[in-house]
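Chain by chain, the residues:
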Amino acid sequence: MSNEYDTHDLRGLGLEPEDLDGHTIEDLTDYLDAGRTPPDPSIDASPGCRLALDALERLRDLTPELLSADSAAEPEVEEAWVERILTGITLDARAGRRIPFSAPSPHADLGITEGAVRGLMRAAESAVPGILVGRCRLDGDVTEPGAPIRVCVEVSVPYGPPIPLLAERLRTEIATSLMTHTELNITGVDVIVQDVRRRSPPVEEGR
Amino acid sequence: MSSDQNRKELEDADDSIVAGRAADGDAAAFAVLVRRYTAMMRAYARRILPGTAEVDDVVQDAFITAWHRLPELEDPGKVKSWLMRITSRKAVDHLRASRPYSDIDRVEAPAPAQTAPARVVEARAGVAALGQALRELPDGQRECWVLREMGGYAYEEIADELDISLSTVRGLLARARKYIIVRMEQWR
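Protein chains in written order, with our numbering: chain B, 1 to 207; chain L, 208 to 395.
What the hints contain is simulated information worked out from the structure, not anything from laboratory work.
One or more of the hints may lead you astray.
[As the list claims (entries may be wrong)] Here are some, though not all, of the chain L residues that point toward chain B, as calculated from beta-carbon distances under 10 Å:
no., residue
1, Leu-217
2, Met-291
3, Asp-367
[Unchecked claim] Quick look at which bits of chain B chain L covers, simulated, 3 or more residues with Cβ under 8 Å:
no., stretch
4, 40–47
5, 80–86
Using N, Cα and C, we set each Cβ at its ideal position, and we do this for glycine too.
Next comes chain B alone, as it looks inside the complex (with noise of 0.2 Å):
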């Protein structure tokens, strides 16, 4: 093993206790990981132990960059992949709580899932364009018939139109189209703007 890259050889910096004023990286690593509080006097004017501290700090602001270069360097996502994991996943898994709706009969028991409301919540946003729903929520015992039940979605919104006039759009879009297909009591439907999307550019041709 004469390799003049083997370990035995690499004494460029000195990490030992004997370079690092008895210290060990250890004892440096976990006062990085402190914030270098409370100051360790032993340790700041140690001047080996402030070269392995700038060595451990580089090595530290270097590993998020090597993440982004090694997925960088990842092939393109092919939709192939995409569709894989879309059929490996169950997509009745979200139905949430049952909702009955009043009979006709009493043979008869009807009822809509949690789910479903949901995906009607999300359908309102084809009625204001650029506006994208999140996630929703309906506060209340949905599973009583006529308890008041509060909606509330979250929403992204394309950066330029006056957010307060998109907001009350799917406000009364939501309202309007939970009271025409169920028979939920709904008291309010609170709007959060989670998100403004600035214009993306254009898409490419053959990408």
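Start from chain B and add chain L according to the hints.
Same frame as chain B, now just chain L:
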């Protein structure tokens, strides 16, 4: 709104909207997460399990678990680090399956041949040097280092995941750090 237009808007939306929607059961939103994070998850899994052909299986598994557990994710805006976490769990499961005994300590397999420094002195020399140093680490040191520094695991969590003692984790990490730093110094 056409579905193409809708897809493009979803692609532009931030994680909290996309993941929130996927948590509610929208498969199109989940597809956006798959497109957005596949490369990152593959890259991360590959650092934990270098040289295996099973990285895609690990990532696919991670996505399927993520789909089922998304409703439990309290803050959908944190979906990125949450996916990283699931990816490393799946990668570690894979390690366990392929390494029946808890022999991480003894896994000091000979490192691959070292590349001469000149070959990696390029624009991103620091990153390339770090990547190369990681490839040279013995398995146990590399796994601990990647979970800690890329995955943000606490020492205790690494010990749990890899089924080794806390002091072993600390020892492996110290050795990994020394090796990486010294190797990187040679490239400066």
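Against the structure, the hints:
1. Leu-217: holds (6 Å)
2. Met-291: holds (9 Å)
3. Asp-367: This hint is violated: Asp-367/L lies away from chain B, its Cβ roughly 19 Å from the closest one there, beyond 10 Å.
4. 40–47: Result for this restraint: violated, n = 0.
5. 80–86: Holds, because 5 residues of the stretch 80–86 of chain B bring their Cβ atoms closer than 8 Å to Cβ atoms of chain L.
Hints 3 and 4 from the earlier list are contradicted by this structure; the remaining hints agree with it.
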